[in-house]
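S.K.: If you read the protein sequences in the order shown, they are chains A and B. Per the numbering used here, the very first residue in the first sequence carries number 1; after that it's consecutive. Per the numbering used here, the very first residue in the second sequence carries number 1; after that it's consecutive.
Don't take every hint at face value.
As the list claims (entries may be wrong) - Okay, derived cross-link-like pairs now, DSS-like style, lysine-lysine, Cα gap no bigger than 27 angstroms in a straight line: (1) B/Lys-29 with A/Lys-202; (2) B/Lys-89 with B/Lys-106; (3) A/Lys-169 with B/Lys-29; (4) B/Lys-29 with A/Lys-199.
Bear in mind the hints are in silico, worked out from the structure with no lab data behind them.
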Amino acid sequence: MIFTAFATAQAQEHNGDYAFDDEIESDGGKVNTKEEIDSYIDHHLKDSHDFHLFSYSDDAGVRKHVGFSLPVIVWSSEGLKFFMSSKFHHDDDGKVLVNDGDATFTKLHSKIYELDKGAAAIKFDADHHPTNAHRVFDMSITKSVFGLLFIGLLMLLVFGALAKQYRTKKIPTGFGRVLEPLVLYVRDEIARPNIGETKYRKYMGYLLTVFFLIWISNLLGLTPFGFNITGQIAVTVCLALFTFIIVQFSGNKDYWMHIFWMPGVPVLMKIALIPIELIGLLTKPFSLLVRLFANITAGHVVVMGLIALMITLKAQFGIVGSTGLSIFLTLFLSVIELLVAFLQAFIFTMLSALFIGMAVAEHDHHEHAGADEDDVDEVRERFI
Amino acid sequence: MLDLINDFSPGLFFMQALILIILIVLMRKFAWKPILNALSEREEGIAEALAAAENAKIEMANLEASNQAAAQEARAQRDEMLKDAREIKEKMIADAAGQAQEKADKIIAQAQEAIEAEKKAALADIKSQVANLSVDIAEKVTRKELSQKDAQHALIEQLLAEANI
Chain A
1 MIFTAFATAQ AQEHNGDYAF DDEIESDGGK VNTKEEIDSY IDHHLKDSHD
51 FHLFSYSDDA GVRKHVGFSL PVIVWSSEGL KFFMSSKFHH DDDGKVLVND
101 GDATFTKLHS KIYELDKGAA AIKFDADHHP TNAHRVFDMS ITKSVFGLLF
151 IGLLMLLVFG ALAKQYRTKK IPTGFGRVLE PLVLYVRDEI ARPNIGETKY
201 RKYMGYLLTV FFLIWISNLL GLTPFGFNIT GQIAVTVCLA LFTFIIVQFS
251 GNKDYWMHIF WMPGVPVLMK IALIPIELIG LLTKPFSLLV RLFANITAGH
301 VVVMGLIALM ITLKAQFGIV GSTGLSIFLT LFLSVIELLV AFLQAFIFTM
351 LSALFIGMAV AEHDHHEHAG ADEDDVDEVR ERFI
Chain B
1 MLDLINDFSP GLFFMQALIL IILIVLMRKF AWKPILNALS EREEGIAEAL
51 AAAENAKIEM ANLEASNQAA AQEARAQRDE MLKDAREIKE KMIADAAGQA
101 QEKADKIIAQ AQEAIEAEKK AALADIKSQV ANLSVDIAEK VTRKELSQKD
151 AQHALIEQLL AEANI
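In isolation and in its complexed conformation, chain B is listed as follows:
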């Protein structure tokens, strides 16, 4: 122990203290500060990048979910539209059919009316022709036998009225 104290050199102690102080000051300024700053900057950068990646992942997932929702909605909309279209088509067909039926009925009714009128006209014509013809025939047949032409006519008129075609 005494040897140790004897070996202690105050001069060396002083020089060591001086060198250590200067070295600490210089190293702090020129080495440790920039190195540690760069290291923590880099670590912060890495941490930020990791967080950003995580965020991007979450955003990606969100985006995908919303995409899916949008697709679902679009599909539903399409189905709706298709359904509407089908309905409209059916309605249109039904409407068209109804209209056609109506028109056809109308045409048929008109035709029947026309036919009825024609028939009546034809019958009237026929009636008069038959009357004339009958008179002519009867006249020719009975010219000689019947003397009183007027009595014959009255008889025929009466008969025709009775006949009432």
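Isolated chain A, as found in the complex:
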């Protein structure tokens, strides 16, 4: 794992050296100033429409990009459109226009715009917002979607293989021996204690899938491929929304009672508590989505910023000094990010399980609930 982190740091430094930046072609696309670094990091944090590994300038000074293009699928005023992202020629400033039938598209800051009818070039207002183009519903296989598909396939293969192993033997061998404790961990440390012995089984499919999806996404973000899946707000919103929907649909009578007619308090208090409880209903998924998004985004920004120290501190420390410092700090932070990658997946799954547990818990029979908890503890102890 440390090796991976080291490789990440190395590769990202490598990436930084030959940084691609389509906006600045004048000096061969090198990233040298603070503004360039900021825009590079900003660019990385956004989703992209092609799978870009690194770029370099060849002997003739021509910019070469290494990577491959991904399909663009958009719902425009002319219906569903499909073309490869290579048509944009790595442009991200709305300069290159793509005509598909009657619709004209351009890419601006990782977003695809459709130009209004009759417009020949994109026009901007004072705040650099396009005035004659609008965004389209973009279902492209972007880098994040590509990453998600890859992770999904990987999970199906790896865990499918583990499932197959159980058909012939009781104890898995090889890589399955590593996976089994992880599955057991999610079951015994996350689902069982939070949801309860009798009801946890129904939610295991969601919890396990989400746990491994987030964890692998986070880990993939630490590789030199530069994925930033869980750093996309749309992805975390989607995940949190799933938890939210599952919680609302598993909520029993007690759960809704505690929101709309809190038992055991005066009537006036009951009314006053309704809006508070309703806000609480919404803040739970909101905290989930913001926590995951912010942690991963912050991690990426800091790691890339530390890599950039190589350039920003070159004047003060010299090439060797700044590179050494950058490698040391990046390595250190990458190890922390490895931990964060697991931790965020754990927290998301843990809190999802907790919210589900709150929704399905039996509140009315307090003694009974206490006994239930004891049972759970007992069962846990048995399995530890």
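We have chain A; now place chain B onto it with these hints.
M.R.: Relative to chain A, chain B alone:
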């Protein structure tokens, strides 16, 4: 915050939702269900095996206890039998001794009777022989001196009767 909302891509959200739903369905069917089933099956198996081992231990202990009881009983039975045997032996010896004594007494009594009879016969014989002998002797002694033989006989008879051997 505005940036964040601006960055939100509905298309990516849609794709993520689609992928997540499909992934959950597929993973449930092909991975989580068989894995979790196998795991709980295995755990149940382990729990059962442990319970069975515990039961076997208890049974073992019970068996040992009953074995010990049986051994104790057997020992008691043996002691009893030995005691009985000893008693029987003693009784038999005593019986045999009694019988032997009786027989011996009987034999002795018979012998005494026989001896008594023999003695009586012998005495009678002796008596008659002594009488004859005495008569013969007296006859020979007194043949010449005594003339009246009959008077002499009567005298001897009288004397013999008086003698009453």
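S.K.: Keeping to a limit of 27 angstroms between CA atoms, is the pair of B/Lys-89 and B/Lys-106 held or broken?
M.R.: 25 angstroms, holds
S.K.: Going straight from one Cα to the other, do B/Lys-29 and A/Lys-202 come out at no more than 27 angstroms?
M.R.: 13 angstroms, holds
S.K.: For the pair supplied as a hint, B/Lys-29 and A/Lys-199, confirm whether the alpha-carbon distance does not exceed 27 angstroms.
M.R.: Holds. B/Lys-29 to A/Lys-199 sits at ~19 angstroms (cutoff 27 angstroms).
S.K.: So if I understand the rule, the pair passes when the alpha-carbon distance is 27 angstroms or less; does A/Lys-169 with B/Lys-29 pass?
M.R.: 20 angstroms, holds
Of the numbered hints stated above, none is contradicted by the structure.
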